[in-house]
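Asker: Since the structure of chain Z is already known, use the hints to place chain H on it.
Number of protein chains: 2
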Amino acid sequence: MYKIAIAGAGAMGGRIGAYLKQNDEDVVLIDRWQDHIDEINKNGMEIQTETETYTLEIRAMQPEEVKEKFDLIILLTKAMYAEDMLKALKDIGAITESTAILSMMNGLGHADYLSKYVPKSQIFLAVTMWTAGLRGPGQLLLEGKGGIECQRSDGQPDERTERIVQVLDNAGLNAKISDDVFFSIWSKVAVNSVLNPLCTILDKTIGEFGEYEDAREMLTPILKELVAVANARGTNVVFETLLAKIEATYPNEAQGLHHPSMHQDYTNKRLTEIDYLNGQIAKYGDELGIETPTNDLITHLIHQLEMKYA
Amino acid sequence: MYKIAIAGAGAMGGRIGAYLKQNDEDVVLIDRWQDHIDEINKNGMEIQTETETYTLEIRAMQPEEVKEKFDLIILLTKAMYAEDMLKALKDIGAITESTAILSMMNGLGHADYLSKYVPKSQIFLAVTMWTAGLRGPGQLLLEGKGGIECQRSDGQPDERTERIVQVLDNAGLNAKISDDVFFSIWSKVAVNSVLNPLCTILDKTIGEFGEYEDAREMLTPILKELVAVANARGTNVVFETLLAKIEATYPNEAQGLHHPSMHQDYTNKRLTEIDYLNGQIAKYGDELGIETPTNDLITHLIHQLEMKYA
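Here the protein sequences line up with chains Z and H, keeping their order. Take 1 as the starting number for the first sequence in full-length UniProt numbering and just add one per residue. Take 1 as the starting number for the second sequence in full-length UniProt numbering and just add one per residue.
Since no wrong hints were added, every one of them can be taken at face value.
Only part of the chain Z face toward chain H is listed, based on derived beta-carbon distances under 10 Å: (1) Glu208; (2) Glu225; (3) His303.
For the record, the hints were derived by calculation from the structure and aren't laboratory data. Yeah, the Cβ is synthetic: ideal placement off N, Cα and C, and Gly gets one too.
Same shape as in the complex, but just chain Z:
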């Protein structure tokens, strides 16, 4: 039996876990939110889709309650809680030498700090284009379609990558092996590093941000710093492509009416993932001798804002 843990079972973790469970995989949801855990264990996970609402039985627990060893742990906590989660699972013995750790989190740098606990050959990276919502404890809102790209974090192909992707794909998650997952990671980070912090700082929707006549001029230096850093790290993202990707989000039919997730985190007085976006770009820049003044400034602005809720 292939044993799977979803470590960080919020909206996205819930979606991945639910799809796997519905395909009869052995899945446990691991989270730190006790009300959510209790609700799932008592009444099951309530799942609302475009067409129906139903209940799915699935196990949920705190990491300290885990009594099994996993073949696959899918990390989907907020980035800043991933290390604590992995450490808790390692301490309790849930991770063996054959456990695959799959980070599906947004942002940069995850393989680096995770490799303090397991070798990079055991760490896998994925980018997901699925979205998901949580309406309350134990209540998932699943709309739209998505996909997943996955690769071992050291870039090497192996049978475990194939197994992981097959398990995900069989569950309807539209997964495939990537031969350059960092290209997808940096592409997603590009959009998030511009729109997440700027819409948060400005308290604007993506569309309102895009309405500014100098929006392109405004974001160009931020994006150019990112491209320079990504390229120096061997990922050949291209400025014009990323710019087009960002600008494609502005129309109302795209994401214009929405606030990015960082805006929601900030509004709800939660810490943001800025250190895994612009903050990590700036950190890589430091290491490489590439100047990143606008990413530095954005990181500081968000940290200054976070202080209000400290």
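Answerer: The following block gives chain H in isolation, referenced to the frame of chain Z:
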């Protein structure tokens, strides 16, 4: 008789005008705020100091109502309205070849656009360390002490500079001739270019901004860009001195409890003077081939915010 106009008779213009009038100079206040003009003409200017409240009779009018020619016009509008004010006074014939135009406004670039209307030898620049408040139409609040430094905008000494400074100094305004007014202008701009926009963007007091543990690291690139541009333009401001000047504002006993004026403008849904601070630094940088990415970004952030009230 030496005829003086205060063009832009808000808080600071009111203070300068009142001091001159109290010293029996021939002073007229020129402004665009009709309620303010009407109140001053009907009931006089009410002046509240630390020790007393009294009323001063002084003339006030719109620029189009002016029927005299002036020896000295002290410009103290918000920066973005100065050109319109000067043009209106020129059109109505209030400016002759012997009129001295004295800009006492905050920010950079005033002599440049004013020289479209009068030669630079007729333009004088001053930096004031006075402060002033306006409690309502015709109601000045005058506290604290200050000083004024003044120089002809082309750097040349002349008798008119001496006359202007003497008139101001005789009125108790503690004025002196400067031999490098741009040094004082850039020094004041340094403080304003950091604290004004950042406290506006962050909705913080100066003290709250300073409480951030990485405040110095955050503002260093902004200030370094300013120093590079100022130095390239021949003004030898020094990074460490300006940094100390900024950090000296943080304590509560200094300005820690206050929001900078740009924050007040923005909160009151008025346009800000960003284009005469960070925006002008960026413009000079463009001309000089000096990169100013953080000043660019700050300028864009404030313009994005201003759009909310457009």
